[in-house]
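**Q** For reference, the chains in residue letters:
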Amino acid sequence: MLYRQTGQFKTTYAADQQIFPLRQDRIAMALLLAIAFVAVPLIGTTYWLTAILIPFLILSLAAIGLNILTGYAGQLSLGTAAFMAIGAFITYNFILRMPWLGAIPSIILAGLCAAGVGLAFGLPSVRIKGFYLAVATLACQFFVLWVLQRVDWLKNYSTSGVITAQTIEIFGYAFDSPASKYLLTLSVVAVMALAAKNMMRGRTGRAFMAVRDMDVAASVIGIRIMRAKLLAFAISSFYCAVAGALYTYMYLLTVEPEAFRLELSFRVLFMIIIGGVGSILGSFLGAAFITLLPILLNRGSEWISGIFNVDISHATVSHFESIIFGSLIIIFLIVEPQGLARLWQIAKEKMRRWPFPY
Amino acid sequence: MGERAQQFGEVILAVESVSLAFGGVMALDDVSFDVREREIRAIIGPNGAGKSSMLNVINGVYHPQQGSITFKGLSRSDMEPHKAAKEGIARTFQNIALFKGMTVLDNVMTGRELKMRCNFLQQALWIGPARRDEIEHREVVEGIIEFLEIQAYRKVPVRQLPYGLQKRVDLARALAMEPSVLLLDEPMAGMSLEEKQSMCRFILDINGHYGTTIVLIEHDMGVVMDISDRVVVLDYGRKIGDGTPDQIRNSQAVIDAYLGVAR
Amino acid sequence: MSFFIEVLVGGLLAGVMYSLVALGFVLIYKASGVFNYAQGSMVFFAALCFVSMIENGVDFWLAIAITITVMIVLAVLIERTVLRPLVNQSPIALFMATIGLAFVLEGASQIIWDSQPHLLELGIQDEPIAWLSQHASIYISRLDLFGAAVAGILVLVLAVFFHKTRIGRALRAVADDHQAALSIGIPLQHIWAIVWAVAGFVALVAGLMWGARTGVQYALTFVALKALPVLILGGFESISGAIVGGLIIGASEKLAEVYLGPYVGGGIESWFAYVIALLFLLVRPQGLFGEKIIDRV
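Protein chains in written order, with our numbering: chain A, 1 to 358; chain B, 359 to 621; chain C, 622 to 918.
Keep in mind that the hints were calculated from the coordinates and are not lab data.
One thing to keep in mind: the hints can contain errors.
Capping the alpha-carbon separation at 30 angstroms, the derived lysine-lysine pairs in DSS-like fashion look like this [as the list claims (entries may be wrong)]:
1) Lys10/A to Lys348/A
2) Lys473/B to Lys197/A
3) Lys473/B to Lys458/B
4) Lys444/B to Lys129/A
5) Lys10/A to Lys458/B
6) Lys348/A to Lys513/B
7) Lys197/A to Lys513/B
8) Lys458/B to Lys129/A
9) Lys473/B to Lys129/A
10) Lys197/A to Lys458/B
11) Lys444/B to Lys197/A
12) Lys513/B to Lys350/A
13) Lys458/B to Lys350/A
14) Lys348/A to Lys458/B
15) Lys129/A to Lys441/B
16) Lys473/B to Lys444/B
Ranges between beta-carbon positions, derived for each pair [stated by the list, open to error]:
17) Arg490/B to Leu42/A: 32 to 42 angstroms
18) Ile295/A to Asn677/C: 30 to 40 angstroms
19) Glu258/A to Gln424/B: 55 to 65 angstroms
20) Met622/C to Thr254/A: 41 to 51 angstroms
21) Ile295/A to Leu479/B: 29 to 39 angstroms
22) Glu500/B to Arg905/C: 40 to 50 angstroms
23) Ala36/A to Gly486/B: 26 to 36 angstroms
24) Ile493/B to Phe356/A: 27 to 37 angstroms
25) Gly654/C to Glu336/A: 22 to 32 angstroms
26) Arg905/C to Gly306/A: 54 to 64 angstroms
27) Val126/A to Thr786/C: 34 to 44 angstroms
28) Gln424/B to Met622/C: 47 to 57 angstroms
29) Leu112/A to Pro520/B: 41 to 51 angstroms
Negatives, chain A to chain C, calculated, CB over 10 angstroms [unchecked claim]:
30) Gln17
31) Leu31
32) Phe175
33) Asp176
34) Val191
35) Leu194
36) Gly300
37) Glu302
38) Asn309
39) Leu343
Remember, it's a predicted structure, so these values are computed and weren't measured experimentally.
We treat Cβ as the ideally placed atom computed from N, Cα and C, and that holds for glycine.
Isolated chain A (complex conformation) (with noise of 0.2 angstroms):
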């Protein structure tokens, strides 16, 4: 009833193609920015900030860059940690070394750094395809983590391997509190979500998907397979940076290589498989699963354990959520290989026939 479709016809290509053709979708979208951007931070609890909203909206934007790698250009990555690494620790370097820079145009420099990598990297894409493009990335995870863990220069000569990170000030205003640190992360990944439904709506995203479903195809129509594939390593590369320098400085606060490893790869890589390969909403709704089931399974034993007396282990707990996760991989690959987005777009199309069940 309410969320009908009819009405709303579209006179131009221009309202066609708009990301949320229906009325209903865009005052939803409308009210989910303004509870984001204005209620969240006044009424949210430093806990909630902090230990789930900051990590999900930075885990959200390194599962769009893998996305835009994987899920539209079809390169299986595992190396997203470590762009997301590089990011990290060029930022620090960049607001060590230059601080006249400020900490937005050095986040962007980092970025651009962790493209360049990402188009070395990407290089062999062109001869490799499927899991033997993952091997080469797996060699560049590994790489990149031995590199930033040994050459001194780039950890400022720091022995005891931790460094803290410096508190990022824009014009003047330290962004050090919860909620100022909470506006700035959904700000920046806000901004670069929505260049990315762009990107990957229009002729990038297409090209993208072309080389992904079959690039003997792509190429007949003219489209640069080479080019292609690099284009995606370059801008994946960029969008884990960014995402990587805000986890170091947004999120954990100190700047190690520790936190860049093999796991945090995989762990994108099941965001992207959960939330939707392909998809930018995907890539939230697939941050969303991964950031809130540990902290569920948590209370869940710490509940059980409450109502049987029995004693229940952190490391248990972790071994049950590996359980839990390989499942879940294993479930969504063979019920519903789209993921947690596709069943949202099934569900939206159920309540545009509500309530009549044809």
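Since chain A is already given, all that's left is putting chains B and C on it; use the hints.
**A** Then chains B and C, alone, in the frame of chain A:
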């Protein structure tokens, strides 16, 4: 027949002594023929005669060991697919190489790739030039969709479409490139009689309306005799016939190898 | 010079260990076209199962028999719940499913048994062979040599199995083309269960050898990651390739660490194998023994 022949232009595509081998198998053996502008040229022959390989050589998917292709005056033996596309050669595939993850509209829009101007940064911001570009090409694509009568399926993911419609989308995508030469690889394969008639009508319309030169591989002799202006016959990679449909129908070599005797 | 030989042989023998794990990958890939990321977790699972029984006083050979049975049951379960529903999906989807499987196995092993490191005794000491160390001052571990011998026997048995028996032929047919194999009447599900069971057995052997060397602990699952470069060098479908690839990776890794390491601060072992694999991919993607893939349009 005579008036149509007068509409043809100069030779736009010439295949010169092309030989192609895979390992020990000779797919094409010293094949030569030419195609005139605005004509409909059919390539026929038994299975395995090298017809698809011939198309693949023309648009650069395969590189011949010997011989060259002359297109619009330029002669080369090392064509690449995207260069062929740039120069105005488009093709459809026997196995429908559509992009299964996209809708009909998006698939046809990919055909406009070479004509699009905006880079990814402009798209990210979705500002003036990017929006105008997208809408301008959308209009062209909508024209093609209307021409091929697939408007109702615009937003449907192609993998949900029946085979006959997928073939039409394949054709639409090739047309979106505004090609000078259109290579069609068995466009009627697997179609019912009505679908074949529609497809024939479309092909003739494309040739008549847009002036596109057409090279098509086809097994249905009725179709070949009806719509093509000239025919090349291949057998085991060699050319055994080259002429108008009437000449081919009466050629002994072709009858022995392929057509059989008329009852 | 003797130091070089020592490092070289040490590397080769370490490489044999990689080969043992790589063998499991090759088996499954050969027979079902699936790249089983969970092989490392299977190694861990098998080793943990075996070791806990030994620690509870179960007789050595009985423990082996029970573990093999467990691995067979596991194989059937995997075939039923993961492989069968995904039968016609793309290789990437199957690969990601095995990643999920790896996580499930790792979590499950650590819940069923515990996550403490365990010692594994095979009766052969990890000691230098006396004769060699005394006469040529070359230190080569007895255990490593035993591992090489075991691997050699295993490879022979598997090669005979694949090329001389009826089941082996069926396995190769299935690897080539699922649909075609089905249409001749080869029972796909049984074949897959058999293959995964054999891979499970290989995992057990690998688990025993690795466990004896380094103890049975969670880090064992990462051995699987090292097997990837081995497979790229050797080709995904070749049993001999797994051996040769393992030897090359093991040797070059050790040599690089010892001779290049000091110049760059050490730790080369974490990525050297992958970079070699990467270079190989650029030059010869199908590996030393693999088959060239021709793309037909």
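**Q** Each hint: holds or not?
**A** Tested hints:
Proximity of Lys10/A to Lys348/A is assessed by CA-CA distance (about 20 angstroms); at most 30 angstroms being required, the pair is judged to hold. Between the alpha carbons of Lys473/B and Lys197/A the distance comes to roughly 22 angstroms, so the proposed pair stays at or under 30 angstroms and holds. Annotation: proposed proximity of Lys473/B to Lys458/B holds, straight-line Cα distance about 23 angstroms (limit 30 angstroms). A distance of roughly 26 angstroms separates the Cα atoms of Lys444/B and Lys129/A; the hinted pair therefore holds under the 30 angstroms criterion.
The straight-line distance between the Cα atoms of Lys10/A and Lys458/B is roughly 26 angstroms, inside the 30 angstroms bound, and the hint therefore holds. Taking the CA atoms of Lys348/A and Lys513/B, the gap is about 16 angstroms. The hint holds against a cut of 30 angstroms. Only pairs whose Cα atoms come within 30 angstroms are accepted, and Lys197/A paired with Lys513/B is accepted, the gap being roughly 18 angstroms. A hinted pair counts as satisfied when its Cα atoms are at most 30 angstroms apart, and Lys458/B with Lys129/A qualifies at roughly 18 angstroms.
Pair hint Lys473/B plus Lys129/A holds up; C-alpha atoms about 28 angstroms apart against a cutoff of 30 angstroms. A hinted pair counts as satisfied when its Cα atoms are at most 30 angstroms apart, and Lys197/A with Lys458/B qualifies at roughly 20 angstroms. Proximity of Lys444/B to Lys197/A is assessed by CA-CA distance (about 28 angstroms); at most 30 angstroms being required, the pair is judged to hold. A distance of roughly 18 angstroms separates the Cα atoms of Lys513/B and Lys350/A; the hinted pair therefore holds under the 30 angstroms criterion.
Pair hint Lys458/B plus Lys350/A holds up; C-alpha atoms about 24 angstroms apart against a cutoff of 30 angstroms. In summary, the hint linking Lys348/A to Lys458/B is supported, as the alpha carbons are separated by about 23 angstroms, within the 30 angstroms threshold. Of the pairs offered as hints, the one joining Lys129/A and Lys441/B holds, with about 23 angstroms between alpha carbons and a cut-off of 30 angstroms not exceeded. Taking the CA atoms of Lys473/B and Lys444/B, the gap is near 9 angstroms; set against the 30 angstroms cutoff, the hint holds.
Between Arg490/B and Leu42/A the beta carbons are some 41 angstroms apart, a value that agrees with the proposed interval 32 to 42 angstroms. The supplied range of 30 to 40 angstroms is met by Ile295/A and Asn677/C, whose beta-carbon atoms lie about 37 angstroms from each other. As the Cβ distance of Glu258/A to Gln424/B is approximately 60 angstroms, the hint placing it in 55 to 65 angstroms holds. Look at Met622/C against Thr254/A: about 47 angstroms separates their beta carbons, and that is inside 41 to 51 angstroms.
Roughly 38 angstroms separates the CB atoms of Ile295/A and Leu479/B, a value that falls within the hinted 29 to 39 angstroms. Our hint of 40 to 50 angstroms for Glu500/B and Arg905/C holds, since their Cβ atoms are close to 48 angstroms apart. Judged by the Cβ atoms, the range 26 to 36 angstroms given for Ala36/A and Gly486/B holds: they are separated by roughly 29 angstroms. The given range of 27 to 37 angstroms is respected by Ile493/B and Phe356/A, whose C-beta atoms sit roughly 35 angstroms from each other.
The hint said 22 to 32 angstroms for the Cβ distance between Gly654/C and Glu336/A, and at roughly 23 angstroms that hint holds. Remark: the range hint 54 to 64 angstroms for Arg905/C to Gly306/A is upheld by a beta-carbon distance near 60 angstroms. In this structure the supplied range 34 to 44 angstroms holds for Val126/A paired with Thr786/C, their Cβ-Cβ distance being about 42 angstroms. The supplied range of 47 to 57 angstroms is met by Gln424/B and Met622/C, whose beta-carbon atoms lie about 55 angstroms from each other.
Taking 41 to 51 angstroms as the suggested C-beta distance range, the pair Leu112/A and Pro520/B conforms, at roughly 47 angstroms. No beta-carbon of chain C is positioned within 10 angstroms of the beta-carbon of Gln17/A; the least distance is around 30 angstroms. No beta-carbon of chain C comes within 10 angstroms of the beta-carbon of Leu31/A; the shortest separation is about 35 angstroms. The claim that Phe175/A is not at the interface with chain C holds, since no C-beta of that chain comes within 10 angstroms of its own (minimum 35 angstroms).
For Asp176/A, the requirement that its beta carbon stay farther than 10 angstroms from each beta carbon of chain C is met, with the minimum near 35 angstroms. Interface exclusion of Val191/A from chain C stands, the closest Cβ pair being 31 angstroms apart, more than 10 angstroms. Every CB of chain C is more than 10 angstroms from the CB of Leu194/A (nearest about 29 angstroms), matching its label as outside the interface. No beta-carbon of chain C comes within 10 angstroms of the beta-carbon of Gly300/A; the shortest separation is about 16 angstroms.
No Cβ of chain C approaches the Cβ of Glu302/A within 10 angstroms, the least distance being about 18 angstroms, so the stated non-interface status holds. With a closest Cβ-Cβ approach of about 20 angstroms to chain C, Asn309/A is found to remain outside the 10 angstroms limit, as its non-interface label requires. Separation of Leu343/A from chain C is adequate, the least Cβ-Cβ distance of about 17 angstroms exceeding the 10 angstroms criterion.
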